[in-house]
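Q: Sequence:
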Amino acid sequence: MFRNTMIAAVAVAAVAGPALAGSYTETPAEPVVTAPAPVYTAGTDWTGGYVGGQLGYGDVDAGGTDGDGTVYGVQAGYDYDFGSFVLGGEVDYTGAEDGILGGADLDSMTRLKLKAGYDAGPALIYGVVGAAYANTSLGDDNGLVYGVGADYKVTETVSVGAEYLYHEFDNFNDSGTDVNAGTLAARVNYRF
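In case it helps, mature numbering (1 follows the signal peptide of the UniProt record, and there is no 0) puts the sequence shown at residues -21 to -1, 1 to 171.
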């Protein structure tokens, strides 16, 4: 029996020997494919609501009587970014220093504006058209407002900008006098 066991062991070693010959080689690893990390550019999406404040200068012509001075106010709106085109709406409430109407007081002005613009990444360049309501010491009236502006996102939630608006009030408060006003204001908005 010992002899049979020995023959069996030699036979197993003879068959297994060629399987163990050579050196150990590691199976090649699968190549690792990684997607490029997304690049974040601040201010690329203008979709959302905002609230803010403005401070600027106004120049008013009321039938040959000129006045100018400081204007200030608050605004709220919503923009929707379609890619390179942005459409939005805004309402603002503006006050002015006394005497800006050439001796009369502009107590307040409320404007409702439609805004359309170009998304230039962190910058938004736009035009506006809308309606204006002026409350003055000479009475109240509705008129037209139009203009241009630009905003720049300092962070994802804060933008700064400037806006020039021109206002036309024909036959203001049935007085026979046309009132035209231009305003240039610096603006800061919190976006959400």
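Because the hints were derived from the structure by calculation, they are not lab data.
Check the hints yourself; a few may be wrong.
[Said to hold, decoys possible] Simulated DEER-style distance windows between Cβ atoms:
#  : residue 1 : residue 2 : range
1  : V53       : G106      : 17 to 25 Å
2  : G74       : A99       : 30 to 38 Å
3  : S154      : A99       : 40 to 48 Å
4  : V133      : Y97       : 17 to 25 Å
5  : D45       : D149      : 16 to 24 Å
6  : F64       : G42       : 34 to 42 Å
7  : T156      : T134      : 44 to 52 Å
8  : A55       : D24       : 41 to 49 Å
9  : Y72       : A141      : 15 to 23 Å
10 : N152      : G62       : 41 to 49 Å
11 : A102      : N152      : 36 to 44 Å
12 : G42       : A95       : 18 to 26 Å
13 : G155      : A99       : 38 to 46 Å
Predicted, not measured: the structure shown is a model, and the values here were computed from it.
Ideal Cβ placement from N, Cα and C applies to all residues, glycine included.
Q: Confirm or reject each hint.
A: Consistency of the hints with the structure:
For the hinted restraint 17 to 25 Å between V53 and G106, the CB-CB distance of approximately 21 Å keeps it satisfied. Evaluation of the 30 to 38 Å hint for G74 and A99 yields a pass: the beta carbon distance comes to about 32 Å. For S154 and A99, the hinted distance range of 40 to 48 Å is satisfied, since their beta carbons lie about 43 Å from each other. A hinted range of 17 to 25 Å for the beta carbons of V133 and Y97 is consistent with their spacing of about 19 Å.
At about 18 Å, the beta-carbon gap between D45 and D149 stays in the expected band of 16 to 24 Å. The hinted range of 34 to 42 Å is satisfied by F64 and G42, whose Cβ atoms lie roughly 40 Å apart. A hinted range of 44 to 52 Å holds for the C-beta pair T156 and T134, which are about 45 Å apart. Checked against the hint of 41 to 49 Å, the pair A55 and D24 fails, with Cβ atoms roughly 19 Å apart.
The supplied range of 15 to 23 Å is met by Y72 and A141, whose beta-carbon atoms lie about 18 Å from each other. Restraint check, N152 to G62: a C-beta distance of roughly 44 Å satisfies the suggested window 41 to 49 Å. A hinted range of 36 to 44 Å holds for the C-beta pair A102 and N152, which are about 39 Å apart. For the pair G42 and A95, the beta carbons lie near 32 Å from each other, so the given range of 18 to 26 Å is not met.
At roughly 45 Å, the beta carbons of G155 and A99 sit within the given window of 38 to 46 Å.
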